[in-house]
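Put the two chains together into one complex; each comes in its own frame, and the hints tell you how they fit.
These protein sequences, in sequence, are chains A and B. Straight run, no breaks: the first sequence in this note's numbering ends on number 334. Straight run, no breaks: the second sequence in this note's numbering ends on number 1377.
Treat the hints loosely; a few may be bogus.
[Said to hold, decoys possible] What follows is a list of derived Cβ distance ranges for each label pair:
(1) Gly1229/B - Gly112/A: 52 to 62 Å
(2) Pro1136/B - Ala5/A: 54 to 64 Å
(3) Lys185/A - Val1065/B: 34 to 44 Å
(4) Asp191/A - Pro1136/B: 52 to 62 Å
(5) Gly1229/B - Asn108/A: 29 to 39 Å
(6) Asp1345/B - Asp191/A: 36 to 46 Å
(7) Gly48/A - Asp1167/B: 52 to 62 Å
(8) Gly48/A - Ala1219/B: 26 to 36 Å
(9) Arg1285/B - Lys185/A: 30 to 40 Å
(10) Lys185/A - Pro1221/B: 42 to 52 Å
(11) Gly326/A - Leu1164/B: 51 to 61 Å
(12) Gly48/A - Ala1031/B: 35 to 45 Å
(13) Asp1345/B - His289/A: 42 to 52 Å
(14) Val203/A - Glu1372/B: 31 to 41 Å
[Said to hold, decoys possible] Here are the simulated BS3-like cross-link-like pairs (lysine-lysine), alpha carbons at most 30 Å apart as the crow flies:
(15) Lys51/A - Lys1216/B
(16) Lys1282/B - Lys7/A
(17) Lys7/A - Lys185/A
(18) Lys1282/B - Lys185/A
(19) Lys1282/B - Lys1216/B
(20) Lys51/A - Lys1282/B
[What the hints assert, rightly or not] One side of the interface only, derived from the structure: several residues of chain A facing chain B at Cβ under 8 Å:
(21) Glu34
(22) Leu63
(23) Gly127
(24) Val131
(25) Asp302
(26) Pro306
(27) Met309
Don't read these hints as lab results, they were simulated from the structure. Everything numeric in this text was worked out from a predicted model, so none of it was measured. No residue lacks a Cβ here, since even glycine has one placed at the ideal position from N, Cα and C.
This is what each chain is made of:
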Amino acid sequence: MTTVALKPATMAQALTRAMRDAMATDPAVHVMGEDVGTLGGVFRVTDGLAKEFGEDRCTDTPLAEAGILGAAVGMAMYGLRPVVEMQFDAFAYPAFEQLISHVSRMRNRTRGAMPLPITVRVPYGGGIGGVEHHSDSSEAYYMATPGLHVVTPATVADAYGLLRAAIASDDPVVFLEPKRLYWSKDSWNPDEPPAVEPIGRAVVRRPGRSATLITYGPSLPVCLEAARAAESEGWDLEVVDLRSLVPFDDETVCASVRRTGRALVVHESGGYGGPGGEIAARVTERCFHHLEAPVLRVAGFDIPYPPPMLERHHLPGVDRVLDAVGRLQWEAER
Amino acid sequence: MTVMEQRGAYRPTPPPAWQPRTDPAPLLPDAAPYRVLGTEAAAQADPGLLRRLYAQLVRGRRYNVQATALTKQGRLAVYPSSVGQEACEVAAALVLEDRDWLFPSYRDTLAVVARGVDPVQALTLLRGDWHTGYNPREHRVAPLCTPLATQLPHAVGLAHAARLKGDDVVALAMVGDGGTSEGDFHEALNFAAVWQAPVVFLVQNNGFAISVPLAKQTAAPSLAHKAVGYGMPGRLVDGNDAVAMYDVLSDAVRHARAGGGPTLVEAVTYRVEAHTNADDDKRYRADSEVTAWREHDPIDLLEQELTARGLLDEDGIRAAREDAETLAADLRARMNQDPALDPMDLFAQVYAEPTPQLREQRAQLRAELAAEAEGTH
Ligand SMILES: Cc1ncc(C[n+]2csc(CCOP(=O)(O)OP(=O)(O)O)c2C)c(N)n1
Chain A
1 MTTVALKPAT
11 MAQALTRAMR
21 DAMATDPAVH
31 VMGEDVGTLG
41 GVFRVTDGLA
51 KEFGEDRCTD
61 TPLAEAGILG
71 AAVGMAMYGL
81 RPVVEMQFDA
91 FAYPAFEQLI
101 SHVSRMRNRT
111 RGAMPLPITV
121 RVPYGGGIGG
131 VEHHSDSSEA
141 YYMATPGLHV
151 VTPATVADAY
161 GLLRAAIASD
171 DPVVFLEPKR
181 LYWSKDSWNP
191 DEPPAVEPIG
201 RAVVRRPGRS
211 ATLITYGPSL
221 PVCLEAARAA
231 ESEGWDLEVV
241 DLRSLVPFDD
251 ETVCASVRRT
261 GRALVVHESG
271 GYGGPGGEIA
281 ARVTERCFHH
291 LEAPVLRVAG
301 FDIPYPPPML
311 ERHHLPGVDR
321 VLDAVGRLQW
331 EAER
Chain B
1001 MTVMEQRGAY
1011 RPTPPPAWQP
1021 RTDPAPLLPD
1031 AAPYRVLGTE
1041 AAAQADPGLL
1051 RRLYAQLVRG
1061 RRYNVQATAL
1071 TKQGRLAVYP
1081 SSVGQEACEV
1091 AAALVLEDRD
1101 WLFPSYRDTL
1111 AVVARGVDPV
1121 QALTLLRGDW
1131 HTGYNPREHR
1141 VAPLCTPLAT
1151 QLPHAVGLAH
1161 AARLKGDDVV
1171 ALAMVGDGGT
1181 SEGDFHEALN
1191 FAAVWQAPVV
1201 FLVQNNGFAI
1211 SVPLAKQTAA
1221 PSLAHKAVGY
1231 GMPGRLVDGN
1241 DAVAMYDVLS
1251 DAVRHARAGG
1261 GPTLVEAVTY
1271 RVEAHTNADD
1281 DKRYRADSEV
1291 TAWREHDPID
1301 LLEQELTARG
1311 LLDEDGIRAA
1321 REDAETLAAD
1331 LRARMNQDPA
1341 LDPMDLFAQV
1351 YAEPTPQLRE
1361 QRAQLRAELA
1371 AEAEGTH
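Isolated chain B (complex conformation) (with noise of 0.2 Å):
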């Protein structure tokens, strides 16, 4: 008998009635990332928000220019720019109430500056003074976190204790393509949609993992279908768009608060910058790419639409830079100043009571500072 005749006689019958729990269609992303500016909805957006928007957009690029610009001043010991994700940068952080929590990965820091964390707090992980410079409950921003998508089950946990305690919290969890490969990601989505935890996870796919190309990374028609596997609608977004952005985010915190359980969100962007100011992006993509998605800029769209329907002039125009370029003279001023460093920090939140052994290191460091004060080292 051969192995399928086998399997033939023991196959069990499907149960009669058996029927999918869920239509996958709802949940299915729409074939083409969703896009306000340039088509006949963008009349429909409040000039109000389209102005916010604009604002923040001018003072997030002055930020990553200034912030690269510190790298070669050896201010900042790396920092990965978000120069062409601005709009998802933003979007992320202005669709949150203040009592939602976001969950950033490490090239959010602009995310974590819109939702009004102190700018040079911001920047310290990469300043390599401390490895967290803002208190993360003060402004409902977890850390700036490092190791890829262990930062998603974070968001799912606490959104669902806050529901537990009967909390109208949304948190919202940023990651990048390549992080959607980790097992943490699998592991998050699944959580948050047994749970039906208020969570929304945007994937910010900018086509690259440091090098390798989103081809590489996934075989999914797009990130955003990986959705419908777990059960939660997946949606397909121009992250360039700031008003799509906007619109998919606010959509998902509001159907998430309600009660309606996670969303996956995929901005389709670009890194235009290198990964870091550490990579050579020469060794793995073409320059006629990069430039092409320099011509679908986040700010340039924007501007577009707020200049054609008349809510920005020039003046408009030379008010936001004046106020992006104070932002930058202050984070300049700012960051230029010797962070004052006390090496006893070494020892201070290990844990709540230092152990034994921390306090006597803590005393050997302390003649060895000692010495070295009085230069007999």
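Just chain A, with the same shape it has in the complex (with noise of 0.2 Å):
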């Protein structure tokens, strides 16, 4: 066997691979959004597409959500795969009118005539010491719209893989990128990128059987930390990332859940009308005899999200996680 050179690539660098290996492969792709093209993106997402593919295949377009993401339909109407940045969760609010009216349904409204294949790429969630309106947890909004794929990769080779499932997706996906992930590292042979993932499986990411955490995007790397610390309290969780939360991968989860017997879900986004209470539900529902105890959730505080110097009191860290496992024992005993 020989030995390949691996490189580190961070998930930022894995998303700007999987949008270039798509417009390589696939001329109807077209990148486009709020300074996309020469400065990159903000978070450098998009560097190089420009240069590489000219400013027709990667635009900078004006500042206008709603604009850019109705032009995608047009542009997915007449045969192109739009691939759309939105430079921030909270700066995607004014393209909802086109998503909900319009992005999400037409295969339906259609009959299948015309569906749309945009990917919509969502940097989202907290933990960059961003001001207001640059942190939010936007993914219950998604799922609440049928007709939406919402994917949220945690790891670097999920970023590429999954990325590219999205762009040859033939139905819009709304691509959840946890931007506090984007610089976090892995290491790939450059020359051949990870698999690209269907969408709609979720995966074990640590095998336990305690309990089950079900997390996904920027919780994920929460969840392994908590789970390796809960080890010294003889705790053997395991861990599922969903990475597809719509659709969503009840086999799996539900598989993991019968193991162990206990779950709890983990995300950042508040709780209440939250995407954990779905999970909950489900979960009960096709694992009631095997549980010992309720579903639990751990989410972010059901407020607006909090200025910098207060988010590390609103996101869910170790710590919380581990007393909900706490919880989860007593649940059990009682």
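Here it is as structure tokens:
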């Protein structure tokens, strides 16, 4: 066996590479958004694409999210595959009209005649010390809209594999990029990028027997760390990374919960009306007789995202996860 | 039959007496930005006003420099500098009466301070200890607004409400050149014109929206031209000429107060520093362009006028700088103290009455903090 030289890549670089490879493979793929061209995006995720493919394929648009996504609809109607960048989570809101009224339902309202292969990339979540409107977790809004895929990678390899799959998808995909993981690193063989992951499959990131932590995106590293810390307490935690919120992989999640008998959902968006409620309900419906404790949730507080100096109190950290794991045990003994 | 022929057959005849409702000519901006400094008109300017503007410009510049320095020390999360744009910022604040309202965007801290808000309170958004540090009602200054152009419809609504109540209040709303592309900009202008609301829209065209130059933002001859389509006058002004800025904005405010409706003012200026301290402007523009604009500096322009007219000498310049130094020293000293933060404030103002869920979460955090204090975590 020959050893290949592995190179470290950040999640941001993996995303760039995914777009570059998709653009090189398929001339219909167009990237557009605010500052994506010359600047390469404020997070540099589109760095170099304009230079390599020209400004017609990687376009700095006027500053108008509704216009960007609305134009993407028209481009997709004419056979292109737009990949749209929304600069920050909260700045995607002007585009909601287009997303909810058109992007999500064009296939349905045209009886399948006009699917829209649009990828909407949204950097989301907190933990980077951003000022107001730069840290929202907006996944619940997207999940509540039928017709959209909602995907969020937590590893460098998934960033590549899932973005390739999203761009290749004939349906619209809201691709949520956990911005605090943009600079997380992993090593890969640059000649052979990671596999393209089908959308809709969760993975077990860490096997365990005591309880299942169900999580995604920015909270995955928190859960893995909690699982390591929990070992000393004698808890052997399994960690499931959802990767895709829509469609939802009931099979992987429920198989895990049936094995462990206990489940905890962890995410940083608010708990009330948040993704965890849906997930907990599904798990309860399907695994009731295997559960030894109610499915618990650890989430951000139900407040507008706080200013940076207070965000550490809001974001679910390892301690909060471990406390909840403790309650899972207690509930079982009651 | 071709489509065109069909269309021809069915084309409705225009009403015989169709007239444009407004002659667009008086609404159109001048071809070149309005300037006072360096022209003969400058001699007419009130010396008191010139001195006031000068003092504020010098303070404003010093404030910008100090705030940028605070980012380097980690005292501010981020600072979008308005160096080079001080004339716009200062004029926007000075043309308003106490009862009027200012609707700033995130770059307009300086206008907020010039309006009388405590400099430290004006910076809480950018420092990161709270989103808005001042009481908007107290100073009639809306919160610094980060989502672009969303403050503009608010300004229209407020001005309209004041009018409905019979108050002669004017709202002045600020937006960048990039922000004029947002739907909210168009909707705000249209509402203002239809309602004849007493609003002044001030566009600071500083050349760029982060990395995107104006040419990629709009194909209009000028941003001020956009006014005409809505039925309001557009004015084009040199944004580095404090006197011209003051003239044009106070005209617009007077016009609005007298019931004449909204005006769109485009200030042609330049963002001489990067978008924020986190931005790398080398990626999208040449140094030579920045240098050329630095030579058209708002403080220099006014200083030359004042000195030429004998209204300012070395002592006057020194006094203005000392005053600005005092401001900066005070800002530095107060920003270098850690803000007193209570994590419980997270739950304090979400609703008038906290929900049961928030009470629960508040109790959870209180317990966590107590455990943290005891070192059990
Ligand atoms: C709705 C919305 N979209 C995107 C952004 C991100 N963003 C912040 S500032 C900026 C550029 C603004 O340019 P301009 O309006 O010209 O104002 P300037 O920064 O030049 O003062 C962008 C795109 C935002 N704040 N709000």
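Status of the given 42 to 52 Å range, CB of His289/A versus CB of Asp1345/B: For Asp1345/B and His289/A the Cβ distance comes to about 44 Å; the hint holds.
Whether the CB-CB distance between Gly48/A and Ala1031/B falls inside 35 to 45 Å: 40 Å Cβ-Cβ, so the 35 to 45 Å window holds.
Distance restraint between Lys7/A and Lys185/A, which requires alpha-carbon spacing of 30 Å or less: The given pair, whose Cα atoms are some 10 Å apart, holds under the 30 Å limit.
Distance restraint hint 54 to 64 Å, applied to the beta-carbon atoms of Pro1136/B and Ala5/A: holds (58 Å)
Supplied distance hint 52 to 62 Å, evaluated on CB atoms of Gly1229/B and Gly112/A: Given a distance of about 40 Å, which is not inside 52 to 62 Å, the answer is violated.
Distance restraint evaluation - Asp1345/B, Asp191/A, Cβ atoms, bounds 36 to 46 Å: At roughly 52 Å between Cβ atoms, Asp191/A and Asp1345/B fall outside 36 to 46 Å, so the hint is violated.
Holds or violated: Lys51/A to Lys1216/B, with C-alpha atoms at most 30 Å apart: holds (17 Å)
Interface hint outcome for Gly127/A [beta carbon to chain B under 8 Å]: Given a least distance of 13 Å, the restraint on Gly127/A is violated.
Hint check for Asn108/A and Gly1229/B - Cβ pair distance inside 29 to 39 Å: At 36 Å between Cβs, range holds.
Pair hint outcome, Lys1282/B versus Lys7/A [Cα-Cα no greater than 30 Å]: The given pair, whose Cα atoms are some 28 Å apart, holds under the 30 Å limit.
Hinted pair Lys1282/B and Lys185/A, Cα distance within 30 Å: holds (27 Å)
Status of the given 30 to 40 Å range, CB of Lys185/A versus CB of Arg1285/B: holds (31 Å)
Checked against the numbered hints above, the structure violates hints 1, 6, 23; every other hint is satisfied.
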